[in-house]
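Undergrad: Please put together the full structure from these sequences, using the hints given.
Protein chains in written order, with this note's numbering: chain A, 1 to 206; chain L, 1 to 447.
Wrong hints could be hidden among the right ones.
As the list claims (entries may be wrong) - Once the Cα atoms are required to be at most 35 Å apart in a straight line, the calculated DSBU-like pairs of lysine-lysine come out as:
| # | chain 1 | residue 1 | chain 2 | residue 2 |
| --- | --- | --- | --- | --- |
| 1 | A | LYS10 | L | LYS29 |
| 2 | L | LYS141 | A | LYS10 |
| 3 | L | LYS305 | A | LYS193 |
| 4 | A | LYS10 | L | LYS54 |
| 5 | A | LYS94 | L | LYS29 |
| 6 | L | LYS305 | A | LYS159 |
| 7 | A | LYS48 | L | LYS29 |
| 8 | L | LYS346 | A | LYS173 |
| 9 | A | LYS32 | L | LYS305 |
| 10 | A | LYS193 | L | LYS140 |
| 11 | A | LYS32 | L | LYS28 |
| 12 | L | LYS136 | A | LYS193 |
| 13 | A | LYS10 | L | LYS28 |
| 14 | L | LYS276 | A | LYS193 |
| 15 | L | LYS346 | A | LYS148 |
| 16 | L | LYS278 | L | LYS305 |
| 17 | L | LYS29 | A | LYS31 |
| 18 | A | LYS10 | L | LYS305 |
| 19 | A | LYS48 | L | LYS88 |
| 20 | A | LYS10 | L | LYS418 |
| 21 | A | LYS10 | L | LYS346 |
If you're looking for bench data, these hints aren't it; they were derived computationally from the structure.
Computed from a predicted structure; not experimentally measured.
For reference, the chains in residue letters:
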Amino acid sequence: MASRKKVLLKVIILGDSGVGKTSLMNQYVNKKFSNQYKATIGADFLTKEVMVDDRLVTMQIWDTAGQERFQSLGVAFYRGADCCVLVYDVNNAKSFETLDSWRDEFLIQASPRDPENFPFVVLGNKIDMEESKRMVSQKRAMTWCQSKGNIPYFETSAKEAINVEQAFQTIAKNALQQETDQDFYSDLPDPIKIDSETSRYEGCGC
Amino acid sequence: MDEQYDVIVVGTGLTECILSGLLSVDGKKVLHMDRNDYYGGESASLNLTQLYRKFRPGQEPPPELGRDRDYNIDLIPKFMMASGELVKMLTHTDVTRYLEFKQISGSYVYRDGQISKVPASEFEAVRSPLMRLFEKRRAKKFFEYMQNWREDDPSTHQGIDLNSVPMSKVYEKFGLESGTQDFIGHAMALYLNESYLSRPAREAYERIILYISSVARYGKSPYIYPLYGLGELPQGFARLSAIYGGTYMLDKPVEEIVYDSNGQVCGVRSGDQIAKTKQVIGDPSYFPGKVQKVGKVVRAICLLKHPIPNTDDVDSIQLVIPQNQVNRKHDIYIASVSSSHNVCAKDYYLAIVSTIVETDNPEAEIKPGLDLLGTIDEKFICICDIEKPIEDGCKDQVFISCSYDASSHFGTVCDDVKDIYRRVTGKDLVLKQRLRQEEEQREIGET
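TA: Structural data, given as structure tokens:
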């Protein structure tokens with residue numbers, strides 16, 4: 001390929017309902033936080049351009065759209081992910097314990113070429129709550145991350161914008177690593193663009 | 001799930017998912033369930049494990065086929081007309097943001113023992129062996145007439161009222177030979193049998209124009225196809241529904257449709273839970289007592305290690321065998337895609353041969369199609385009933401979709417969607433343009 005492809009990174013965010021997946025995205029991309037919880041309505045994917053090692057890349061961050069609630073995400077959601085972000089709520093032990101099944105689910109559905117080295121990032125969210133409410137210690141979370149091949153771990157607050165920027169910078173970096181590892185050998189023609197505006201009518205004269 | 005919904009949809013086939021998406025966008029509270037642990041029902045694309053589980057239970061896929069993840073095998077062979085209704089639904093709902101498409105490389109027709117390309121340009125038409133020189137001139141006149149015809153301009157009608165004159169008379173007027181009629185009627189208008197000849201020509205006109213305008217859109221053939229298989233389409237519309245508040249439950253057995261004392265539907269039971277609703281939409285497999293069989297289709301899903309012989313080694317084709325070429329009443333279709341559409345491992349090709357069943361030996365009926373494929377590595381046969389609802393659902397508020405038929409594209413599926421939408425909402429479907437992703441993001445950022 002003559003020119004370097006424009007890099008688009010697909011990042012998906014997984015985790016139990018209510019751990020703050022949509023809020024983290026929204027804080028990172030729009031610098032906004034809303035205290036009102038609504039089981040995700042209207043959030044699709046958000047895009048943001050970021051510099052990673054002097055390279056401008058577009059990160060496309062996909063929300064679960066609530067389809068995680070009854071484990072009904074479907075294989076299309078996982079397809080072509082360059083990084084998978086696993087989120088739990090540090091004040092909710094169950095949301096931490098299900099990280100295992102979210103990780104397994106991702107590996108089965110997305111079936112990346114090299115599952116051992118696929119980039120995950122774990123976020124322990126809602127650290128703004130009072131310490132007495134905390135159910136999962138940093139040590140416990142880090143031990144789990146280490147046992148799964150040293151997954152990078154961040155403790156975040158979408159509400160107070162703590163560590164969100166840093167976490168997503170790492171996500172972008174690791175996703176880009178994954179991208180450059182694979183998608184450059186393709187000799188297939190690019191897919192066609194479908195757009196209602198391109199509709200035109202011409203006879204073929206056959 | 002013990003909540004009140006406006007509509008409960010059972011089965012995640014394409015028809016059901018489009019309806020879920022459209023109704024959710026309209027603000028209805030939708031619950032969507034499927035007994036399978038994957039999306040798509042009959043219109044799913046399966047990986048190898050799922051395919052073997054369905055067709056060869058207890059048998060493992062042979063390792064030489066490669067990785068499970070590389071396969072997305074359609075159960076129903078259909079392509080999308082580039083200017084068709086489904087493309088409109090995809091662009092208006094902007095479900096295209098989740099999907100990528102490729103062209104199907106060519107449309108072919110079988111005649112007198114040979115496979116020929118249906119011309120996609122004037123250049124190809126001039127060189128096509130399908131017509132001799134004088135016939136080409138006549139055909140050119142015919143197509144000019146079709147493309148210039150305007151309902152409100154009698155000067156373009158040349159004395160023929162397409163709304164009343166049968167198609168056979170239109171062919172006659174232009175003096176087209178039966179072989180030319182064959183390829184126009186079967187490879188372009190995509191009629192499965194000859195009954196259209198005696199019907200008013202307007203319908204054939206619409207179909208021919210759809211074909212021509214679809215070819216004009218991308219160039220190689222009238223068809224496009226989603227990367228990773230047709231199963232991406234229902235999933236795209238399901239995501240649309242979810243984003244507008246739809247609730248999704250896969251792997252959820254639907255045990256009972258519950259009715260009130262007036263015989264109107266009031267809920268759907270799964271286990272000991274009942275979700276309440278005023279309306280139910282679903283595919284025929286969930287309503288055995290409420291549908292009738294109207295025919296049967298036989299389909300052979302074939303795995304090849306080479307392109308279909310005599311088709312210029314392209315990566316994907318549609319091939320039509322008109323019924324009278326093989327002494328049948330219905331055409332045989334072959335739809336082929338390959339690894340370049342991310343539906344099978346590298347260097348493999350998928351071909352589905354299908355037709356409407358006419359005899360007690362359906363497999364023998366598709367033999368003329370199978371014979372054109374060369375060596376077949378694996379073959380999976382399915383013979384499916386085509387079912388339709390007995391009632392229109394207005395009485396009990398249960399609206400059942402039609403099975404996927406033998407047609408080559410999604411025209412009839414979209415007709416069914418629009419028809420069910422009208423019965424469910426009492427209004428005609430008017431597609432509204434959804435904001436593009438960038439515009440949506442800007443709006444979220446501002447509120």
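Undergrad: If a hint holds in the structure, say so; if it doesn't, say that too.
TA: Tested hints:
| no. | hint | in the structure |
| --- | --- | --- |
| 1 | A:LYS10 with L:LYS29 | holds (30 Å) |
| 2 | L:LYS141 with A:LYS10 | violated (51 Å) |
| 3 | L:LYS305 with A:LYS193 | holds (29 Å) |
| 4 | A:LYS10 with L:LYS54 | holds (32 Å) |
| 5 | A:LYS94 with L:LYS29 | holds (29 Å) |
| 6 | L:LYS305 with A:LYS159 | violated (55 Å) |
| 7 | A:LYS48 with L:LYS29 | holds (31 Å) |
| 8 | L:LYS346 with A:LYS173 | holds (30 Å) |
| 9 | A:LYS32 with L:LYS305 | violated (53 Å) |
| 10 | A:LYS193 with L:LYS140 | holds (31 Å) |
| 11 | A:LYS32 with L:LYS28 | holds (28 Å) |
| 12 | L:LYS136 with A:LYS193 | holds (34 Å) |
| 13 | A:LYS10 with L:LYS28 | holds (30 Å) |
| 14 | L:LYS276 with A:LYS193 | violated (41 Å) |
| 15 | L:LYS346 with A:LYS148 | holds (31 Å) |
| 16 | L:LYS278 with L:LYS305 | violated (51 Å) |
| 17 | L:LYS29 with A:LYS31 | holds (30 Å) |
| 18 | A:LYS10 with L:LYS305 | holds (32 Å) |
| 19 | A:LYS48 with L:LYS88 | holds (28 Å) |
| 20 | A:LYS10 with L:LYS418 | holds (34 Å) |
| 21 | A:LYS10 with L:LYS346 | holds (24 Å) |
Comparing the model with each earlier hint shows violations of hints 2, 6, 9, 14, 16; every other hint is respected.
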